[in-house]
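Given the coordinates of chain U, work out where chain H should sit on it, guided by the hints.
Read off the chains here:
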Amino acid sequence: MLKFEKRENIPLHLRILIPLISILLGVLIGGIAVMFSQVNPLTVYKAIFIGAFGSTYVFSETIVVAIPLLLISVGLILVFKMNYWNIGAYGQYIMGAIFCTYFALNSAETMSRPILLMMMCIAGMVGGALWALIPAALKAYWKVNEVIATLLLNYIALYSLKFLMYGPWRNPRSFGFPLTKIFDLNAQLPKLISHTRIHLGLIFGIIAAIIIWIIIKKTKFGYEIRVIGENEIVARYAGINIAKNIILAMIISGGLAGLAGMAQISGIIHMLQIEINPDYGYTAIIVAWLSGLNALTAMIVSFFLGGLFAGASQIQITMKVPIGIVGLIESSILFFLLGGAILTNYKLYYKGRKII
Amino acid sequence: MGAIVLQVKNISKHFPGVLANDHINFDLRKGEIHTLLGENGAGKTTLMNILDGIYYPDEGEIYLNGKKVDIRSPFEATKNGIGMIHQHFMLVDTLTVLENVVLGLESQGFYLNKKKIAERIKEISQNYNLNINPYAKIWQLSVGEQQRVEIIKTLFRGAKILIMDEPTAVLTPQEADTLFKILRRMIKEDKSIIFISHKLDEVMKISDRITVLRKGKLVGTVDKKEIKQKELAKMMVGREVLFRLERNPMRRKGEVLKIEDLETHNDKGIKILRGINFSLPGGEIFGLAGVSGNGQTELAEVIVGLRRAIAGKVYIKGEEVTNLYPKAITKEGTNYIPPDRLKVGLVPNLSSVENAILRRYDREPISRGIFLNYEEAAKYTRELIKQFNIMVPRENAPVKFLSGGNLQKLILAREIREEPALLIAVHPSRGLDVGATEFVRKKLLEERDQGVAILLISEDLEELLMISDRIGVIYEGKIVGMVDIDDANINEIGLMMAGVHKNPLLKGEENVKV
Numbered sequence: 028m029l030k031f032e033k034r035e036n037i038p039l040h041l042r043i044l045i046p047l048i049s050i051l052l053g054v055l056i057g058g059i060a061v062m063f064s065q066v067n068p069l070t071v072y073k074a075i076f077i078g079a080f081g082s083t084y085v086f087s088e089t090i091v092v093a094i095p096l097l098l099i100s101v102g103l104i105l106v107f108k109m110n111y112w113n114i115g116a117y118g119q120y121i122m123g124a125i126f127c128t129y130f131a132l133n134s135a136e137t138m139s140r141p142i143l144l145m146m147m148c149i150a151g152m153v154g155g156a157l158w159a160l161i162p163a164a165l166k167a168y169w170k171v172n173e174v175i176a177t178l179l180l181n182y183i184a185l186y187s188l189k190f191l192m193y194g195p196w197r198n199p200r201s202f203g204f205p206l207t208k209i210f211d212l213n214a215q216l217p218k219l220i221s222h223t224r225i226h227l228g229l230i231f232g233i234i235a236a237i238i239i240w241i242i243i244k245k246t247k248f249g250y251e252i253r254v255i256g257e258n259e260i261v262a263r264y265a266g267i268n269i270a271k272n273i274i275l276a277m278i279i280s281g282g283l284a285g286l287a288g289m290a291q292i293s294g295i296i297h298m299l300q301i302e303i304n305p306d307y308g309y310t311a312i313i314v315a316w317l318s319g320l321n322a323l324t325a326m327i328v329s330f331f332l333g334g335l336f337a338g339a340s341q342i343q344i345t346m347k348v349p350i351g352i353v354g355l356i357e358s359s360i361l362f363f364l365l366g367g368a369i370l371t372n373y374k375l376y377y378k379g380r381k382i383i
Numbered sequence: 094m095g096a097i098v099l100q101v102k103n104i105s106k107h108f109p110g111v112l113a114n115d116h117i118n119f120d121l122r123k124g125e126i127h128t129l130l131g132e133n134g135a136g137k138t139t140l141m142n143i144l145d146g147i148y149y150p151d152e153g154e155i156y157l158n159g160k161k162v163d164i165r166s167p168f169e170a171t172k173n174g175i176g177m178i179h180q181h182f183m184l185v186d187t188l189t190v191l192e193n194v195v196l197g198l199e200s201q202g203f204y205l206n207k208k209k210i211a212e213r214i215k216e217i218s219q220n221y222n223l224n225i226n227p228y229a230k231i232w233q234l235s236v237g238e239q240q241r242v243e244i245i246k247t248l249f250r251g252a253k254i255l256i257m258d259e260p261t262a263v264l265t266p267q268e269a270d271t272l273f274k275i276l277r278r279m280i281k282e283d284k285s286i287i288f289i290s291h292k293l294d295e296v297m298k299i300s301d302r303i304t305v306l307r308k309g310k311l312v313g314t315v316d317k318k319e320i321k322q323k324e325l326a327k328m329m330v331g332r333e334v335l336f337r338l339e340r341n342p343m344r345r346k347g348e349v350l351k352i353e354d355l356e357t358h359n360d361k362g363i364k365i366l367r368g369i370n371f372s373l374p375g376g377e378i379f380g381l382a383g384v385s386g387n388g389q390t391e392l393a394e395v396i397v398g399l400r401r402a403i404a405g406k407v408y409i410k411g412e413e414v415t416n417l418y419p420k421a422i423t424k425e426g427t428n429y430i431p432p433d434r435l436k437v438g439l440v441p442n443l444s445s446v447e448n449a450i451l452r453r454y455d456r457e458p459i460s461r462g463i464f465l466n467y468e469e470a471a472k473y474t475r476e477l478i479k480q481f482n483i484m485v486p487r488e489n490a491p492v493k494f495l496s497g498g499n500l501q502k503l504i505l506a507r508e509i510r511e512e513p514a515l516l517i518a519v520h521p522s523r524g525l526d527v528g529a530t531e532f533v534r535k536k537l538l539e540e541r542d543q544g545v546a547i548l549l550i551s552e553d554l555e556e557l558l559m560i561s562d563r564i565g566v567i568y569e570g571k572i573v574g575m576v577d578i579d580d581a582n583i584n585e586i587g588l589m590m591a592g593v594h595k596n597p598l599l600k601g602e603e604n605v606k607v
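Quick mapping for you: the protein sequence lines, in order, are chains U and H. Be aware that the first sequence starts at 28, since it is given in the numbering used here, and climbs by one per residue. Be aware that the second sequence starts at 94, since it is given in the numbering used here, and climbs by one per residue.
No lab work stands behind these hints, which were simulated from the structure alone. Among these hints, one or two may not hold up.
To be verified - Restricting the straight-line Cα-Cα distance to at most 20 Å, the calculated cross-link-like pairs of lysine-lysine (PhoX-like) are: (1) U:K170 with H:K361; (2) U:K374 with H:K493; (3) U:K244 with H:K472; (4) U:K247 with H:K420; (5) H:K420 with U:K271.
Stated by the list, open to error - Some chain H residues flagged as far from chain U (calculated, every beta-carbon gap over 12 Å): (6) L205; (7) K208; (8) R250; (9) M279; (10) L325; (11) E356; (12) G405.
Ideal placement from N, C-alpha and C gives every residue a C-beta, glycine not left out.
Okay, chain U solo, but in the shape it has when bound (with noise of 0.2 Å):
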């Protein structure tokens, strides 16, 4: 006989633990997975762990990856927190990636660096913060579903992409390929640390993970987000403006994935093209999740998922398994952190006696 319970609060060492547990139990299933492919999990594991903190380099990799994933993640906390579901920071960030281009490539001769990267900011943001602006407004004002609404927004924003890249922005002596041409050195984002890829982005994710955990726990506007996603008829009784908190949010959610896609581009990529791994907005939803909507735990856990993903795509190049085993232990480990997320919330009985 199973029954929980919820729990009034967390005990620290419960917060410690359970994530704990949960990885070793993913990381056990993996390697059951593992064994079926004739390679020993335990080589495999040693070589993920050496591929996301093992050297200098793997590391800055690892934090490399986390950039985008901090970003988007506290933006989409911002309105998670609301109750306000956004699947659309694959498409936001795109946007963001198309707008800041526009620069990239019609303004590097004209604008000094400075200038120039601070235009491309503001332009991957609102090109971002746009892109999110449909939906909230549609929620706001036609109460459309925004599930729906941001998640087939994506779509457009992939295809008006493959528009751009095939059509009017393809260089014309990429023989073809669907790439701009390379940034000028203007229009990259500067290495925070040299031999390395680290950019100016992970600034940015730390002060953006700051501010958003402020507006959170210290500003009226969050106190109102809270009250919203808590229980949105008591917000209307108080007499919160529910539009303008779901456009105001939204536009800041947005705008971070929609700088997520710039600095990666400015930063990493150096040009646009269609693989610009978008899919971190989705990632980043499980990254909200897992810091407990706590945009200084997002930081954490940003750099935890970054060296899983950083660490999964290493084996891949020198362990030669199949890039399916690569995503099946990196899902399985999710997949039990996100169960085990249930124990750090509930209490557990089995036949009357406390367990956990």
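Relative to the frame of chain U, chain H by itself:
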């Protein structure tokens, strides 16, 4: 009296933070009406939900006709001949009586023999004088009739033991009398009835034996013939009960609220207010009586701006506020104690502090620019807690862990501290224990003495008679009668609540159109 049909031994059940049932013993004889009496939160409904298989007890045993049974679902309860009629009916509005009766029946195959079922329903209906047409749609029936459909449902399934959870809460006094006649008819047929209530007078009227629960514990089982109402009250509450409250003479001031020809829709888009007119001066408590569903909660929502009026006007202190935003109406000095504390009044997962500042988080000193000053907020909350004697173990814990009485005190404190000119209180003491009820009523009287105009909407006639200065009766979206408290007569009000007796001679200046 008949043999014991049902016996409950040492039943315990606990929920987070509460022991809802603490080793309860209880038995039921064939052909008796056995009342389970207790205040809200005493554990009556929990115990009955255990018998109906909705909850499973942590400890204890249930015996039916001397045989131990294990009831794990309402379905198994039905198989054992136990039928429960809940406070909120489990009926599908758009289906007919017949369709509701067969819903979920296992014995029905793919093809429904409607004719045979209809005959059986008619037979039951005639046998117990239930007077129900099997082909009527549920939404066409009155609340009293819907309750009788629930009775038919359980009888159709062969129930020998009927559990009725506060069945009179939704009925007028006259409808309650009809129900009692039906219950008496049923025990003559050797059915046994468990009747749950906290209304002493009806308990004395209908029961054979009475079992009293208090805070999850068994106080005792008594024979109706051997006990007086006052002693029963003491058993239920654990102390002497005040049946009257001291009130000062009323001092009316200028008009605060005026409603003209007000109309609105309910959530289903059906017109529920059909031209409401009244005016309310400061310093008066105007009690609005009525069976639930006659538009009273919608009226409150329109006044505070949570629901749109489709016709008519609302004036507060002479200013028209019809269909303004809730915040604008609050600014005019209107505060609201909503009927549902955790759905409308408070945010369950936020802390006491975050809930206490809901009305003033955007004013100094709690807000400073775009920031909230949580120290000031906590200070303000502590003031409320002290002034209203609210039991808050930890001010940063979610409020959902507070008891109903403390939740209501928190709302009351928050709203009263805004110093309203008009206070709208909907079911302010519903679900509260006697102590908290008394507190809430006293506070309302205090506010009235301060010159606040109070619109009190309640289904509890006793409460209305105790603290109102004037009582209006709402029926099908109209105010059908209005009396000063000195002329109030519970029978007459009851008839008006049922829409039977209309009183077009309303007092002087009210000029109500009926």
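Worksheet item: Since H:M279 was said not to touch the interface, does its Cβ keep a gap of more than 12 Å from each Cβ of chain U?
Response: The assertion about H:M279 holds, with a minimum of 36 Å to chain U.
Fill in: Check on H:K208 being off the interface with chain U, judged by Cβ distance over 12 Å
Holds: least Cβ distance 45 Å, greater than 12 Å.
Worksheet item: Once the closest CB in chain U is found, is it more than 12 Å from H:L205?
Response: Nearest chain U Cβ is 37 Å from H:L205, so the label holds.
Fill in: 12 Å cut-off, C-beta based - H:G405 kept clear of every residue in chain U
Consistent with the label, H:G405 stays out of reach of chain U, its closest Cβ about 21 Å off (over 12 Å).
Practice prompt. Verify the proposed pairing of U:K170 with H:K361, using a straight-line Cα cut of 20 Å.
Written response: 18 Å, holds
Worksheet item: Looking at H:E356 again, its CB stays over 12 Å from all of chain U?
Response: 21 Å, holds
Worksheet item: Does the alpha-carbon distance linking U:K247 and H:K420 stay inside the 20 Å limit?
Response: 16 Å, holds
Fill in: Restraint status (C-alpha distance of H:K420 to U:K271 at most 20 Å)
Holds, at roughly 15 Å.
Item to complete: Mind checking the alpha carbons of U:K374 and H:K493 for me, to see if they're no more than 20 Å apart?
Response: 17 Å, holds
Worksheet item: Does U:K244 pair with H:K472 here, judged by a C-alpha cut-off of 20 Å?
Response: Holds: U:K244 and H:K472 sit about 18 Å apart, inside 20 Å.
Worksheet item: Beyond 12 Å from chain U, beta-carbon-wise, is H:R250?
Response: 28 Å, holds
Fill in: Separation of H:L325 from chain U, once the least beta-carbon distance is taken, above 12 Å
Holds: least Cβ distance 35 Å, greater than 12 Å.
Checked against the numbered hints above, the structure violates none of them.
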